[in-house]
Each structure stands twice: as C-alpha cells, then as structure tokens.
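Undergrad: One-letter residues, chain by chain:
Number of protein chains: 2
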Amino acid sequence: MRNILLTIGYDGTNYSGWQIQPNGITIEEKLQRAFQRMDGSIVKIIGSGRTDARVHAIGQRANVVLDSSVPTDRIPYALNANLPADIVVKSAKEVPLDFHARYDALGKTYRYRLHTGKFRDPIGRNYHYHISDELDMWKLKEALETFQGTHDFKGFMAAGSSVKTTVRTIEAIDVQSIDRNTVDIYISANGFLYNMVRIIIGSIVDAAKGKITIKQLEEALKHQKRKLAGHTAPPQGLFLEEVRYLIND
Amino acid sequence: MRNILLTIGYDGTNYSGWQIQPNGITIEEKLQRAFQRMDGSIVKIIGSGRTDARVHAIGQRANVVLDSSVPTDRIPYALNANLPADIVVKSAKEVPLDFHARYDALGKTYRYRLHTGKFRDPIGRNYHYHISDELDMWKLKEALETFQGTHDFKGFMAAGSSVKTTVRTIEAIDVQSIDRNTVDIYISANGFLYNMVRIIIGSIVDAAKGKITIKQLEEALKHQKRKLAGHTAPPQGLFLEEVRYLIND
Numbered sequence: 012m013r014n015i016l017l018t019i020g021y022d023g024t025n026y027s028g029w030q031i032q033p034n035g036i037t038i039e040e041k042l043q044r045a046f047q048r049m050d051g052s053i054v055k056i057i058g059s060g061r062t063d064a065r066v067h068a069i070g071q072r073a074n075v076v077l078d079s080s081v082p083t084d085r086i087p088y089a090l091n092a093n094l095p096a097d098i099v100v101k102s103a104k105e106v107p108l109d110f111h112a113r114y115d116a117l118g119k120t121y122r123y124r125l126h127t128g129k130f131r132d133p134i135g136r137n138y139h140y141h142i143s144d145e146l147d148m149w150k151l152k153e154a155l156e157t158f159q160g161t162h163d164f165k166g167f168m169a170a171g172s173s174v175k176t177t178v179r180t181i182e183a184i185d186v187q188s189i190d191r192n193t194v195d196i197y198i199s200a201n202g203f204l205y206n207m208v209r210i211i212i213g214s215i216v217d218a219a220k221g222k223i224t225i226k227q228l229e230e231a232l233k234h235q236k237r238k239l240a241g242h243t244a245p246p247q248g249l250f251l252e253e254v255r256y257l258i259n260d
Numbered sequence: 012m013r014n015i016l017l018t019i020g021y022d023g024t025n026y027s028g029w030q031i032q033p034n035g036i037t038i039e040e041k042l043q044r045a046f047q048r049m050d051g052s053i054v055k056i057i058g059s060g061r062t063d064a065r066v067h068a069i070g071q072r073a074n075v076v077l078d079s080s081v082p083t084d085r086i087p088y089a090l091n092a093n094l095p096a097d098i099v100v101k102s103a104k105e106v107p108l109d110f111h112a113r114y115d116a117l118g119k120t121y122r123y124r125l126h127t128g129k130f131r132d133p134i135g136r137n138y139h140y141h142i143s144d145e146l147d148m149w150k151l152k153e154a155l156e157t158f159q160g161t162h163d164f165k166g167f168m169a170a171g172s173s174v175k176t177t178v179r180t181i182e183a184i185d186v187q188s189i190d191r192n193t194v195d196i197y198i199s200a201n202g203f204l205y206n207m208v209r210i211i212i213g214s215i216v217d218a219a220k221g222k223i224t225i226k227q228l229e230e231a232l233k234h235q236k237r238k239l240a241g242h243t244a245p246p247q248g249l250f251l252e253e254v255r256y257l258i259n260d
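Heads up: the protein sequence lines correspond to chains U and Y, in order.
Numbers given in this note's numbering equal positions in the first sequence, counted from 1, plus 11.
Numbers given in this note's numbering equal positions in the second sequence, counted from 1, plus 11.
Bound-form chain U, shown alone (with noise of 0.2 Å):
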C-alpha cells in the first residue's frame, strides 16, 4: 500500500464542482474513474478542500491510499490518458500512509480575477469576473488591507456553514495587474471558510464602486455581521492556486 499525494488542474467550468454528489458531475468522481480505469483502483480519494461549481485549480491536491503496480512517477500519465481535457494530474508523489491532504494542509492560497471593461470579454468569460463599471484601483487596496491578519471571519462565511472556529489567519495579500483591464488577487490563509474570498471580493468591488465603505467593512468584520459585508463574487473567476504542507515538493 502506497499513500500518493496528487496535484490536479482542472476547468471548473463544465463541473459541479469538486466533491462527489448525487446530481452533477464532479472532478473526484472522474478522478476516482480515472484509477478505476487504469488498473481496477477502487480509491478513496482525499481532497485538500472542495471547491465549487464553475471555480479552477491550478494546484488542487488530494491524496489516495493505492493497491497498484503503477510506478509512482507514471501514475499522471497514467490517469490523464484516463481523464477528459478539463482535468490534469500534475504530480504523484509518495508520502507517509498517515499523511491526510486536508488535515495535514498548512494553509492555501486562492487567485481571483478580475476583469473590468465596458463590455464582456468572450474568451475570459467563464475565467474572470467581468465589471463594466470603473473601479477605484486604491480603495480596492485599501478595502483588501482590512483583511490582512487574524481575525473572526464569521461575516465573511455562506449562511448554513458549520465550522469549528471561524478565526483564521490571512498570511499574504498580492495584487497583481495582468493587463489595463486585468487584475489578479492572490490570497494566502492558513484556511478558508465556505465562500471566504468570494465574499471578501465581493465586498472589496463594491468599496472600489464606492458602493460601501471601508469602515462598513471593518464593522462587518469586527462584529462578524454577513450583512455589512458586500456582495459574494461569482465562482468563475476564483482558481485554487497552491495547497501548502509540510512535506517537500
């Protein structure tokens, strides 16, 4: 028995995401097919997180204990024959049997994209989130900073979530400009909660419309009210960049 930790890419766009579900077609189930197809696995597969319809990964990671004669080094190739397009295995790499993708994950960090321009770009579309009002580049920076740090983010969470605790520690902030209408936003936790960066692009956008203001948004996060907090950012334009752990890449 080996324990292989994968790092998976894939196009949110044509899923429901993630996690395997009743109705909807989901990246485990057709990473799950995949080992079946490639010499009978039947795997349980262990996702760093999920992560929902329509978003991306470039570094997604999972791992699965495996019963196989598969080399470690062939098994990407040897699911991506097995895979449709959208989905990619980057890597394979053996770690102790007790290593846990979720568990053991140090922290993360998510790319959200943003895209602004008087009218929709076709071949971004399901990949940013188009805004064809103009956006106040500074109080975009500066409703971001507000992040930064510890903090409860219970404001910033889906209703109906269950978490233990809803503190976490946002590590690093970046904002990247791709072009003169592109702008990337790198965010690096030690985890997020459900809806997290959606909700805190969100709200960033509606402060760089002017929409709210930066006090509202420290009030938000201060007395942890969802309702002070902005709107939450579609799914298209979030890509789960890079799982962190302990173990060496």
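Honestly, the hints are just simulated from the structure, not real lab data.
None of the values given here were measured: they were computed from a predicted structure.
Yeah, the Cβ is synthetic: ideal placement off N, Cα and C, and Gly gets one too.
Among the clues, some could well be false.
As the list claims (entries may be wrong) - SDA-like mimics (lysine to any residue), calculated; alpha carbons at most 20 Å apart, straight line:
{"id": "1", "chain 1": "Y", "residue 1": "K101", "chain 2": "U", "residue 2": "D144"}
{"id": "2", "chain 1": "U", "residue 1": "K55", "chain 2": "U", "residue 2": "L108"}
{"id": "3", "chain 1": "Y", "residue 1": "K104", "chain 2": "U", "residue 2": "F130"}
{"id": "4", "chain 1": "Y", "residue 1": "K101", "chain 2": "U", "residue 2": "D132"}
{"id": "5", "chain 1": "Y", "residue 1": "K41", "chain 2": "Y", "residue 2": "R85"}
{"id": "6", "chain 1": "Y", "residue 1": "K41", "chain 2": "Y", "residue 2": "A89"}
{"id": "7", "chain 1": "U", "residue 1": "K101", "chain 2": "Y", "residue 2": "T127"}
{"id": "8", "chain 1": "U", "residue 1": "K55", "chain 2": "U", "residue 2": "Y114"}
{"id": "9", "chain 1": "Y", "residue 1": "K129", "chain 2": "U", "residue 2": "T83"}
{"id": "10", "chain 1": "Y", "residue 1": "K101", "chain 2": "U", "residue 2": "I134"}
{"id": "11", "chain 1": "U", "residue 1": "K101", "chain 2": "Y", "residue 2": "T193"}
Unchecked claim - Short derived list, chain U residues pointing at chain Y, Cβ under 8 Å:
{"id": "12", "residue": "G20"}
{"id": "13", "residue": "A96"}
{"id": "14", "residue": "D97"}
{"id": "15", "residue": "V99"}
{"id": "16", "residue": "K101"}
{"id": "17", "residue": "R131"}
{"id": "18", "residue": "I134"}
{"id": "19", "residue": "R136"}
{"id": "20", "residue": "Y138"}
Claimed, not checked - For each label pair, taking beta carbons as the anchor points, the in silico distance ranges come out as:
{"id": "21", "chain 1": "Y", "residue 1": "G171", "chain 2": "U", "residue 2": "P33", "range": "44 to 54 Å"}
{"id": "22", "chain 1": "U", "residue 1": "D185", "chain 2": "Y", "residue 2": "W149", "range": "32 to 42 Å"}
{"id": "23", "chain 1": "U", "residue 1": "Y88", "chain 2": "Y", "residue 2": "P245", "range": "15 to 25 Å"}
{"id": "24", "chain 1": "Y", "residue 1": "F130", "chain 2": "U", "residue 2": "R44", "range": "10 to 20 Å"}
{"id": "25", "chain 1": "Y", "residue 1": "I53", "chain 2": "U", "residue 2": "A96", "range": "35 to 45 Å"}
Take the given structure of chain U and dock chain Y to it, following the hints.
TA: This is chain Y only, laid out in the frame that chain U set:
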C-alpha cells in the same frame, strides 16, 4: 440607410466558424439574429473574411447596410443584449455606403498561441496549441523569418482553395513570450490564404522539433510544395487580432 462597420470579438470554441452554413451554428448567424431581435432588421453581414471552427477573434470586422432608428453608438449595446456571452460587439461606426469589409481590408493580424509543457493545461486548452515536446525557440524564430516578405504561399494553403493569386506579403512577424511555457506569434499580412497561418505555425513547430529543416521550408516556399511544408496547426490557438482599413478608428 447607414453602412455600419462593426468590431466583433468571439470565443470560437462552440461554433462551426464565422460563415453561415446549413449544418452547425455560426457567429454570422448569431449576429444576424441579434440584428433581427434588436428592431426587426434583416441584414446581410459582410465579414472581413471567414474564420474556421474553434478559431477566435479579438477584432473581427463586418459591415451591414442598415435601415434602423438605433443610434450608431447604441448599436453595440443593443446587439450585445441579444448575443450569447461568447460573442461581443465592441464598436460600431458609420462608414460610406460603398465601404466593403472584405474588399476594403488592407491587411490583417493573426495571433497564434503555443504552449509547451509535460502536461496539458486545462484552463488554456481551448486557446492554445499544447506541445509536450521541447521546442528549440531559436530554430522556431529562424523558421518564422523564412516567411517574412512577399512570396507565393501556394505551398502554405489548404488543398482545394480557389483564389486569383496566391502571392501575399507578410509585413510583420512578432514573437512575444507570455510566460515560461507560453508564446504568442503575431503575423501581419496584406492577406491570408486558407489555413495559411495554421500551416506556417505547423511548419515552424516541426522545424523547432527538428522534424524538418529550414532548408526544406525554403524549398516548400520557393517551389510551392505543400508536401514539403509542415503539418496544419490546430484551430484553437488562432486569434484574428485585427483587420486594417484606410478608415481611421
């Protein structure tokens, strides 16, 4: 009656190309319907030229002679409201009644995106040509230089095309590195033969892989031999960037 010149962008992934045809959905057809939905206008759309299935456009041009009360500057909004998300009208401009988007085109620029890497990239899969082999970029650029200037491109045209002359002038070639694995090749010419860009790209990729020599490409060009040229690169890496006219934008 006004003659309106449109600038159109589209994601060609889900279309059977630009031109209306009995089987398959086309961009021209979607545009024609958008005019009809706008205010009942039945128009003939004159494109600057066709694009193939899965080929994209950033700046396709087309003109329509229109009898409508919609002000010219509102036409993009009125059409976009009636177009799917993967087609966008970016501008509308009144031009002389005898202006013809195909006959009056002075030249065009196409872009072709190449992506190298051990594994496919799910996010870019519909927008680049993925090559898993290493490419010799110096050889690629050297091969590309072969095509600079005025030549008879008969050897770089899909079989069965009928045109008056197969002589074209490549006015500019530009190679732009996007990231470690992605390169964009811009080719500007006074006109292009059917599949000309895709055969040029296939040829330089074959040269960069060491499959054919620069000498052989020169022979293919000199003696107009399709068999000496390289393969036809796939459609999804191709973008019609710009169509040039005497009329200022």
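Undergrad: Does each hint hold? Answer for all of them.
TA: Structure-based check of each hint:
no. : hint                          : in the structure
1   : Y:K101 <-> U:D144             : 16 Å, holds
2   : U:K55 <-> U:L108              : 14 Å, holds
3   : Y:K104 <-> U:F130             : 16 Å, holds
4   : Y:K101 <-> U:D132             : 9 Å, holds
5   : Y:K41 <-> Y:R85               : 18 Å, holds
6   : Y:K41 <-> Y:A89               : 14 Å, holds
7   : U:K101 <-> Y:T127             : 14 Å, holds
8   : U:K55 <-> U:Y114              : 15 Å, holds
9   : Y:K129 <-> U:T83              : 16 Å, holds
10  : Y:K101 <-> U:I134             : 13 Å, holds
11  : U:K101 <-> Y:T193             : 17 Å, holds
12  : G20                           : 5 Å, holds
13  : A96                           : 5 Å, holds
14  : D97                           : 5 Å, holds
15  : V99                           : 5 Å, holds
16  : K101                          : 6 Å, holds
17  : R131                          : 5 Å, holds
18  : I134                          : 5 Å, holds
19  : R136                          : 5 Å, holds
20  : Y138                          : 7 Å, holds
21  : Y:G171 <-> U:P33: 44 to 54 Å  : 50 Å, holds
22  : U:D185 <-> Y:W149: 32 to 42 Å : 34 Å, holds
23  : U:Y88 <-> Y:P245: 15 to 25 Å  : 21 Å, holds
24  : Y:F130 <-> U:R44: 10 to 20 Å  : 19 Å, holds
25  : Y:I53 <-> U:A96: 35 to 45 Å   : 39 Å, holds
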